[in-house]
Amino acid sequence: MARREVPEINAGSMADIAFLLLIFWLVTTTIDSDEGVKRQLPPPVPPDMEQQEVKDGDVYNVRTNFRDELLVEKEVLSIGELKDGAKDFLIATGTGLLHPERPNVTLGDDNMKYPERQWVRKAELVALEQSFLAAGQEKRAEKVQEKLKAIELFGSDYRELPGSALISLQTDRNTSYDLYLQVQNELEAAINELRDELALAKFNESYASLEERYGRTKEESLLDKIKAIRLVFPQRISEAEPRDASQGYY
Amino acid sequence: MGKFKKKKREMGAISTASLPDIVFMLLFFFMVATVLRTEEEMVRVIRPEASEIYKIEKKHLIRYINIGPPQDKRYGTEPVIQLNDQFADVAQIRDWVENERLTLAEAEQTKMWVSMKVDQDTKMGVVTDVKQELRKASALKVLYSANSRERTN
Numbered sequence: 001m002a003r004r005e006v007p008e009i010n011a012g013s014m015a016d017i018a019f020l021l022l023i024f025w026l027v028t029t030t031i032d033s034d035e036g037v038k039r040q041l042p043p044p045v046p047p048d049m050e051q052q053e054v055k056d057g058d059v060y061n062v063r064t065n066f067r068d069e070l071l072v073e074k075e076v077l078s079i080g081e082l083k084d085g086a087k088d089f090l091i092a093t094g095t096g097l098l099h100p101e102r103p104n105v106t107l108g109d110d111n112m113k114y115p116e117r118q119w120v121r122k123a124e125l126v127a128l129e130q131s132f133l134a135a136g137q138e139k140r141a142e143k144v145q146e147k148l149k150a151i152e153l154f155g156s157d158y159r160e161l162p163g164s165a166l167i168s169l170q171t172d173r174n175t176s177y178d179l180y181l182q183v184q185n186e187l188e189a190a191i192n193e194l195r196d197e198l199a200l201a202k203f204n205e206s207y208a209s210l211e212e213r214y215g216r217t218k219e220e221s222l223l224d225k226i227k228a229i230r231l232v233f234p235q236r237i238s239e240a241e242p243r244d245a246s247q248g249y250y
Numbered sequence: 001m002g003k004f005k006k007k008k009r010e011m012g013a014i015s016t017a018s019l020p021d022i023v024f025m026l027l028f029f030f031m032v033a034t035v036l037r038t039e040e041e042m043v044r045v046i047r048p049e050a051s052e053i054y055k056i057e058k059k060h061l062i063r064y065i066n067i068g069p070p071q072d073k074r075y076g077t078e079p080v081i082q083l084n085d086q087f088a089d090v091a092q093i094r095d096w097v098e099n100e101r102l103t104l105a106e107a108e109q110t111k112m113w114v115s116m117k118v119d120q121d122t123k124m125g126v127v128t129d130v131k132q133e134l135r136k137a138s139a140l141k142v143l144y145s146a147n148s149r150e151r152t153n
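Line order of the protein sequences matches chains S and Z.
In terms of this note's numbering, the first sequence opens at residue 1 and continues consecutively.
In terms of this note's numbering, the second sequence opens at residue 1 and continues consecutively.
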């Protein structure tokens, strides 16, 4: 039998076939990304809970209406101005850690609308810790210890926001979701920027990078730093219980 | 002076034999790197943009609620809620949360995330209602799905 030479198959079109497959794949798949703004919702309110009285200056009121307008502390603001407004609110009387704190905040006669930060002093905390421990209130003693740790990390006493200070967000049912998210985003950006500033000044590292590194390494010392910064700038954004516009809160 | 003879060199044709391999590698890269959408989107969602973005690492903990106008115009143009593969009512959310929670391992049931994919033109009314239901169902970890952008100054 005669041996036949098998001719070599031309592979030149192989690339075209592969390209076709690739392009088909690119067109048919949609990349599903799972990123967004994270929020912890408050637990449901028991019906018999009492309304707490808060000082007017301690609450930063943000309202949105059906025309997608913002009313911030009884003033109409644009979304671009919200972040700076919130930052001013949070550090109006200074944290006692950075100099200068924020040059454009002038504390004149109208500073009553800002919450006044209270000094957290080491000597007082130590006494407080002792009394809590003596009374067997370990949970409260732990909180004091966290503050002591923060003072140690910062190297000095600091001023904390009063417990009633918070940013309150009230959304009308006809506000667009886009505006709602932008407001949430700007408020969070305000807090994150302040945290970054403080972290850079005290620990030579941005807050975001501290959190990112802690996520990877779970290093205890990083967590202490994160907690210290959170004590100075807590994330207190509260959303009002939904109300009907017909009840007249305007 | 000697004259240089210009030599004409024939350039050999560049072999394209490895081209298919390169393209296949690209193809496999994309196949591995993309996450396939597991459920059909029945509502049109144009996600808003935000700068304070958080990315969830453990994807199996996420459950999705889509809110937006239906893709199919026959169902109208008002925003509707989509849970899994069907339209749903606000009242169904609590049961849905309970059921979805049971699909997770017991140790992870409290770690469930609810990702809200909401069209940016939706009015807040329906979103608020959904959020209230989530609170009642104790599904408190919420992610407002958004595309990332730079922080504004």
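There's no promise every hint is true.
Far from chain Z by the CB rule (all over 12 Å, computed), these chain S residues [unchecked claim]:
(1) Thr28
(2) Gly36
(3) Lys38
(4) Trp119
(5) Ser131
(6) Gly136
(7) Ser168
(8) Asn192
(9) Glu241
Which chain S residues face chain Z? A few, computed with CB under 7 Å, are given here [claimed, not checked]:
(10) Ala18
(11) Leu20
(12) Leu22
(13) Phe24
(14) Trp25
(15) Thr29
(16) Tyr114
(17) Asp178
Below 20 Å or equal to it, Euclidean Cα-Cα: the simulated SDA-like pairs (lysine to any residue) are [unchecked claim]:
(18) Z:Lys123 x S:Ser176
(19) Z:Lys123 x S:Ala240
(20) S:Lys218 x Z:Ser51
(21) S:Lys38 x Z:Ile56
(22) S:Lys38 x Z:Ile14
(23) Z:Lys141 x S:Gln40
(24) Z:Lys141 x S:Pro234
(25) S:Lys38 x Z:Gln86
(26) Z:Lys55 x S:Ser176
(27) S:Lys38 x Z:Gln109
(28) Z:Lys55 x S:Asn192
(29) S:Lys38 x Z:Gln120
(30) Z:Lys141 x Z:Tyr54
(31) S:Lys202 x S:Trp119
(32) S:Lys38 x S:Ile151
(33) Z:Lys58 x S:Arg39
(34) S:Lys38 x Z:Phe24
(35) Z:Lys123 x S:Pro47
To be clear, the hints were calculated from the coordinates, so they are not data collected in a lab.
Even glycine gets a Cβ: it sits at the ideal position worked out from N, Cα and C.
Verification of the hints:
no.	hint	in the structure
1	Thr28	violated (10 Å)
2	Gly36	violated (4 Å)
3	Lys38	violated (4 Å)
4	Trp119	holds (30 Å)
5	Ser131	holds (34 Å)
6	Gly136	holds (29 Å)
7	Ser168	holds (15 Å)
8	Asn192	violated (6 Å)
9	Glu241	violated (9 Å)
10	Ala18	holds (4 Å)
11	Leu20	violated (10 Å)
12	Leu22	holds (5 Å)
13	Phe24	violated (9 Å)
14	Trp25	holds (6 Å)
15	Thr29	holds (5 Å)
16	Tyr114	violated (23 Å)
17	Asp178	holds (4 Å)
18	Z:Lys123 x S:Ser176	holds (5 Å)
19	Z:Lys123 x S:Ala240	holds (17 Å)
20	S:Lys218 x Z:Ser51	violated (25 Å)
21	S:Lys38 x Z:Ile56	holds (9 Å)
22	S:Lys38 x Z:Ile14	violated (53 Å)
23	Z:Lys141 x S:Gln40	holds (5 Å)
24	Z:Lys141 x S:Pro234	holds (18 Å)
25	S:Lys38 x Z:Gln86	violated (25 Å)
26	Z:Lys55 x S:Ser176	violated (24 Å)
27	S:Lys38 x Z:Gln109	holds (18 Å)
28	Z:Lys55 x S:Asn192	holds (16 Å)
29	S:Lys38 x Z:Gln120	holds (17 Å)
30	Z:Lys141 x Z:Tyr54	holds (12 Å)
31	S:Lys202 x S:Trp119	holds (18 Å)
32	S:Lys38 x S:Ile151	violated (29 Å)
33	Z:Lys58 x S:Arg39	holds (17 Å)
34	S:Lys38 x Z:Phe24	violated (38 Å)
35	Z:Lys123 x S:Pro47	violated (27 Å)
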